[in-house]
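Put the complex together from the two separate chains, hints included.
Chains as they are written, first to last, in the numbering used here: chain A, 55 to 567; chain B, 280 to 469.
Worth flagging that the hints you see were computed from the coordinates, not collected in a lab.
As the structure is a computational prediction, the values presented were derived from the model and not from experiment.
In this text, a Cβ means the ideal position worked out from N, Cα and C, and glycines have one as well.
Among the hints, erroneous ones may be present.
Said to hold, decoys possible - Over 12 Å on every C-beta distance to chain B, these chain A residues come out as not near it, computed from the model: (1) Glu159; (2) Gln172; (3) Gly236; (4) Glu298; (5) Trp371; (6) Glu445.
As the list claims (entries may be wrong) - Calculated lysine-lysine pairs in the DSS-like style (CA-CA distance at most 25 Å, straight line): (7) Lys459(B) - Lys225(A); (8) Lys562(A) - Lys216(A); (9) Lys345(A) - Lys211(A); (10) Lys447(A) - Lys216(A); (11) Lys330(B) - Lys435(A); (12) Lys67(A) - Lys316(A); (13) Lys435(A) - Lys392(B); (14) Lys69(A) - Lys316(A); (15) Lys69(A) - Lys562(A).
As the list claims (entries may be wrong) - Looking from chain A toward chain B, a few residues come up when the C-beta cut is under 8 Å (computed): (16) Phe104; (17) Gly132; (18) Ser230; (19) Trp352; (20) Leu387; (21) Ala389; (22) His397; (23) Tyr406; (24) Pro407.
Chain by chain, the residues run as shown.
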Amino acid sequence: MIIQGQEIFSPVKLKTHTLVIGSGSGGGVAAYHMASAGLDTVVLEEGGYFQARDFNQREEDMMSVLYRSGGNQTTADGLITVFQGSAFGGSTLVNTADATPIEPEVLHHWQRQYGLDQLTEEALAASYERVYTMTNVHRLEDRILNRNNLILVETAKRLGYKAGVFNSNRKGCIGSGYCFTGCAYDAKQGTNLTYLPKASALGARIYTDVRVDRIEPLSGGRYRVHASVLERFNRAVRLPMTVEAERIIMAAGTVHTPAILKRSGLDRGLPQLGRNLSLQPQMVMSASFDKSEAMTSWRGAPQSAYVNEWDDNRPEWGLGGFRMEGAGGLVGLLAQSSKAIGHEHKRIMQEYPNTAYTAILVPDHPTGTMSWDWDDNGRVKPRIDYTPTAEWKQRLINGMKQSAKFMFEAGARRVDFNTAVLPSFTNPDQLSKIDDLPIEPGLMNLVSAHPQGSCRVGLNADVGVVDQNLKLHNLDNIYIVDGSVMPTTASTHTMIPIMVMSDRIMHKLANEG
Amino acid sequence: MDNNNPLPSTTRRLFLQRSLIAMAAVAATPVLGSQALTSTAVTSGQTPTLKILSSEEYRTLAAVTDAIIPQSGAFPIGALDIDLAARIDHHLKAELTDVVAGVSGALMFIENKAPEAFAGKTARFSDLETSERESILLAMRDAGGVPTIIFSAMRGLSIFYFYTHEDAWPHIGYDGPLVKRPNPVQQMGV
Ligand SMILES: Cc1cc2nc3c(=O)[nH]c(=O)nc-3n(C[C@H](O)[C@H](O)[C@H](O)COP(=O)(O)OP(=O)(O)OC[C@H]3O[C@@H](n4cnc5c(N)ncnc54)[C@H](O)[C@@H]3O)c2cc1C
Ligand code: SF4
Chain A
55 MIIQGQEIFS
65 PVKLKTHTLV
75 IGSGSGGGVA
85 AYHMASAGLD
95 TVVLEEGGYF
105 QARDFNQREE
115 DMMSVLYRSG
125 GNQTTADGLI
135 TVFQGSAFGG
145 STLVNTADAT
155 PIEPEVLHHW
165 QRQYGLDQLT
175 EEALAASYER
185 VYTMTNVHRL
195 EDRILNRNNL
205 ILVETAKRLG
215 YKAGVFNSNR
225 KGCIGSGYCF
235 TGCAYDAKQG
245 TNLTYLPKAS
255 ALGARIYTDV
265 RVDRIEPLSG
275 GRYRVHASVL
285 ERFNRAVRLP
295 MTVEAERIIM
305 AAGTVHTPAI
315 LKRSGLDRGL
325 PQLGRNLSLQ
335 PQMVMSASFD
345 KSEAMTSWRG
355 APQSAYVNEW
365 DDNRPEWGLG
375 GFRMEGAGGL
385 VGLLAQSSKA
395 IGHEHKRIMQ
405 EYPNTAYTAI
415 LVPDHPTGTM
425 SWDWDDNGRV
435 KPRIDYTPTA
445 EWKQRLINGM
455 KQSAKFMFEA
465 GARRVDFNTA
475 VLPSFTNPDQ
485 LSKIDDLPIE
495 PGLMNLVSAH
505 PQGSCRVGLN
515 ADVGVVDQNL
525 KLHNLDNIYI
535 VDGSVMPTTA
545 STHTMIPIMV
555 MSDRIMHKLA
565 NEG
Chain B
280 MDNNNPLPST
290 TRRLFLQRSL
300 IAMAAVAATP
310 VLGSQALTST
320 AVTSGQTPTL
330 KILSSEEYRT
340 LAAVTDAIIP
350 QSGAFPIGAL
360 DIDLAARIDH
370 HLKAELTDVV
380 AGVSGALMFI
390 ENKAPEAFAG
400 KTARFSDLET
410 SERESILLAM
420 RDAGGVPTII
430 FSAMRGLSIF
440 YFYTHEDAWP
450 HIGYDGPLVK
460 RPNPVQQMGV
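Isolated chain B (complex conformation) (with noise of 0.2 Å):
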């Protein structure tokens, strides 16, 4: 599996077939519960002050915007280095409820069922290596349907963020805002 594997929908049937079996995944995994979530072992670091997330899916966030855009490589820094899960959190907004549900599906499907569905792996999302978590995520963006879609979320959500952030300018050649403001609604004291 690589980022430039062919499509897999060429093989249309095996594809809608891929995709049901997924969505099957996604239905069973609220039954897990936020339990389920809790006795996640958490590892590294300490939790940031979280406006939206709870500590456990900012943790598996945190493993997924690794993995989009790891530390190293073209460029050194990485989601890690600008704690891209924590930033995202703060983006986040209450108010659009069903955004806030569909990230906490999405993180409670990628750390719960993922790693089975698409390594054969019985362990969490979070407590695999790197490589793997790359793997994955590359599978679910191959395997159609639900899991495609959640990929897309997490992609979207993880680069959207990250390229918007002032320390990755200098690495890509943009050389960013004529403006050095704060944002209005902050200005305004709220």
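Chain A on its own, in the form it takes in the complex (with noise of 0.2 Å):
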């Protein structure tokens, strides 16, 4: 069953088995499991519920009302804007269904550096399985990849490089583009169109538009949850609910989890909580070509092929070194690029249709840290305080180089960043300007999809907010299972590596009964 806050018109009081906060990549598996367990479940999830009916491909409309605070939420210094998805389905629904496995020398890097033995590559092997073919993983087929993702698949073979096209969580994509503003298709296997729907069909209830506002400890190991149902335009509050559970599995997000443990008094001993946070930030390129080869960025699937040429990936640190991957089907967005204002920004966008968008991702380490606020309205106002590393900043500039003169190699006449300092770029000559490139506030929009790592997994208390079977170190029958758990970026993506972390644990517990 699935219960809009809108249909709620007087005050709820619950009982339940297991309650699961959010439904995106973690809660949504996890409401699966619990509710395939037989247990009485309920999922309260603080965003809409909207369905392919809903999704007019509009960036201007839907990142309002599908996105966290409508698309708008960043550091703390404005230097990277972090996207989450807050609706039925989280992340997932907004998502452009890449499916990246957590890389080996991830798992290497845990166990060596956190001493993370249960999580082998042999210990997720029948996670991978069940999350595959319940999101129908497979590689992207041909006749949706377009000119502005081809091109670097094209142009690495040409030179050399490792380059490849995604694997994806896709069923019967017609290559509309619009990923990124939801599926008005249903081809795109969120969470929303395959876990959450499971788990209701098994009896779980599926409340939208409820927000969690605290969570109380009662005897006996169990939990009162104190909750708002929200006006879906504003969120403002309509009225109270509250669910008694006798487990408490929180999928929130990497933002707001350790937000509700905070604000419940209940990171006492947790000193790890809204710490060690990654973003693993994206600098956004353009690269226009000649009117002749037409680009067409915004059809087709939006991010389907990567040039993993400089990946360097190691037991030592994780992820490293940098990727370029193709972007596309946001033209508010992507027309931010360069720093021309006036007619030049409007020659520049004459060219949109034969202009190539490529997103650098450049992984990076934990060094982000998180606090909170909440309004009269109980909404939480987080801030997050993430200043790249030195290392980071070389890695990016070094990233932008390469990129940059790959793009030139393909053929490209001019190349732009999303910085209001560097000049467009004509040859690759002039590329140099770039190792002078300040990575301060407001001269430069970052982007981060990825964000992960507030209540990573540790050995104990000290060192971590869960143990390895993702449970609260402090407290018994509460587990997190969303981006935050995980102790540095776990893939170039994160939707799957979050699907697998929560349903190895969610399968176990659902198993025991």
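Laid out in structure tokens, this is it:
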């Protein structure tokens, strides 16, 4: 059963066995396993319930209803925009359905650095199989690859570089290009179309437009969760809701799961809560080609190919180096590339059809921290403090130079970045100017779609928030199964890693009865 | 000053110095208060019904968007043709108080401080010629620090809401969404 906030007219009091908070990658998987074990399951999701018929393929409308803070969430200094979905299906509703596993070197790093001996490839193998089957992960079909992405693979092949086409969780994709604003064709197999409807069919009660505010411990390892039914359009509080539960599974995402624990006063004895945040920031690059070279970046699977020549993944640090990936389907955001305004920017925009857009993904180390405030409405105001390290900045600069060079090799006539500082580049000899780029707020807009790590797994409470079974170190019967548990960034894309981590423990709990 | 000026921050010390000066200018801005803004002469046209912005803020924003996306040039239409300032006002959300406060502060700075700080002019920004406004915005971009932050924010807002408007699409070769539907939240009657 799916109950939307607008269908609730009086305060609600519920009792259940398992309460799941959040319905994205981690929460969707958890809800399904709990319901399939026959456990009475309630899911509370702050965002609204939207279906294929609601998505209108326009950024200005969809981002404001499907994304956290309407897509305006940033680090405290404004340097990085931190995108998160906030709706039925969480970020899986708005992501580009690229399916990548946790890299083996990352698991080795976690074993070496953090002693996480239970997170091995063998231990996760069955979870991959279940997750891939449920979400239909397969290599993207050639028919939906656009020139914007193919140019990466073709140029890499010519230069002898490593590159590939993504695996993806789609079914019957028509290549509309609008993944970022919700799939109007029910092709993208997010939790909204897979785990959640199945959980609902198995008896789970899924409430949307309901925000969890705090968790109150009761006797006997039980909890009472205090929540608010929200108005969809502005998220103002309409009605109170309480749920008593024997088990709580938290999956409100990297920014909000620790906020709920903090507000509940359950952070005592958890010094790592809100620390060790990775953002894996990305820089957008645009490369314009001759008019005859149509890129049509807005049609086809938007992010379908990558160049992994510069990956530098090692057990010493996990993910390293940088990657190029195609990007498209967001005319308003991609139009920001370059520093031009006025007539110059209009000239640049006339080249939109023959411009290739690329994201330069630079994996980072978990150096960010978070703190939170709440307004009178109970709405959380997260503060994300994140300063890129000097080593990361150097990798970004190298990534920008190599990527621009790559695009010139591909035949680009001009290359621009999303900064207020760098000029347009018209040949590779000019690229040394990038060496002086100050990576500072206001001078560029970096983007993160992969926040991870604010409640990381660790062997004890001194080093982690949850144990290897994803259970809170300081309390019984509370688990965390979202991106916040990752000790370092797990992969170039985070949906599958989170689903797999969640599946491993939720499947186990379900089978323990 | 033009769109392709090289990196100002190669001279890093100067950059930091400018940032500090700019910071002080912004810090002083709130003391102007809304009184100063309401005394701004509203020149042309009628103010549309606004959701968030004051009519003075709307007027400044219209001037800013006109400088960022002027009429004519590569294609005929510009910000004023779609009343971009009103469109931005429509999309601002009152509950995102930080964003609303940021936009107000930025407009106040541009209207009252930027002309003198970046062009030695005592007039208000919205009273200047289009070319002067563009020069001031470019100078803010190249100054570093808070003025660059304000420039980037205004540029981002203007470009995002202009190029997501269907009237812009034929001019940039974008054939737009495959479905024609209203915003789902509007469908719910709110
Ligand atoms: C634009 C975008 C593109 C991406 N592309 C890809 C991709 O192609 N491939 C990939 O692997 N990954 C991608 N990702 C990342 C991936 O989708 C996310 O990392 C992943 O879904 C996060 O899972 P999660 O369970 O941590 O949180 P989410 O999926 O973000 O779900 C958290 C949910 O909790 C809800 N919530 C928050 N607070 C509360 C509360 N107090 N009460 C109730 N509910 C609450 C939120 O509304 C949200 O719906 C993308 C992300 C974005 C934003
Ligand atoms: S590209 Fe495919 S998955 Fe993405 S929105 Fe279009 S049909 Fe859906």
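Okay, the hints, checked on the actual structure:
1. Glu159: holds (35 Å)
2. Gln172: holds (41 Å)
3. Gly236: violated (9 Å)
4. Glu298: holds (30 Å)
5. Trp371: At roughly 29 Å from the nearest Cβ of chain B, tryptophan 371(A) sits farther out than 12 Å, so the non-interface label holds.
6. Glu445: At about 20 Å from chain B, glutamate 445(A) clears the 12 Å cut-off, so the statement holds.
7. Lys459(B) - Lys225(A): holds (23 Å)
8. Lys562(A) - Lys216(A): Violated: lysine 562(A) and lysine 216(A) sit about 38 Å apart, past 25 Å.
9. Lys345(A) - Lys211(A): With Cα atoms ~23 Å apart, lysine 345(A) and lysine 211(A) stay inside 25 Å; holds.
10. Lys447(A) - Lys216(A): Satisfied, since the Cα-Cα distance of roughly 23 Å is no more than 25 Å.
11. Lys330(B) - Lys435(A): holds (23 Å)
12. Lys67(A) - Lys316(A): holds (23 Å)
13. Lys435(A) - Lys392(B): violated (30 Å)
14. Lys69(A) - Lys316(A): With Cα atoms ~23 Å apart, lysine 69(A) and lysine 316(A) stay inside 25 Å; holds.
15. Lys69(A) - Lys562(A): Holds, at roughly 23 Å.
16. Phe104: Hint on phenylalanine 104(A): holds, closest Cβ of chain B at ~6 Å, below 8 Å.
17. Gly132: holds (7 Å)
18. Ser230: holds (5 Å)
19. Trp352: holds (6 Å)
20. Leu387: holds (7 Å)
21. Ala389: At about 4 Å, which falls below the 8 Å cut-off, the nearest Cβ of chain B leaves the hint on alanine 389(A) intact, so it holds.
22. His397: Cβ of histidine 397(A) sits 4 Å from chain B, so the hint holds.
23. Tyr406: holds (4 Å)
24. Pro407: Cβ of proline 407(A) sits 4 Å from chain B, so the hint holds.
In summary, the numbered hints that this structure violates are 3, 8 and 13.
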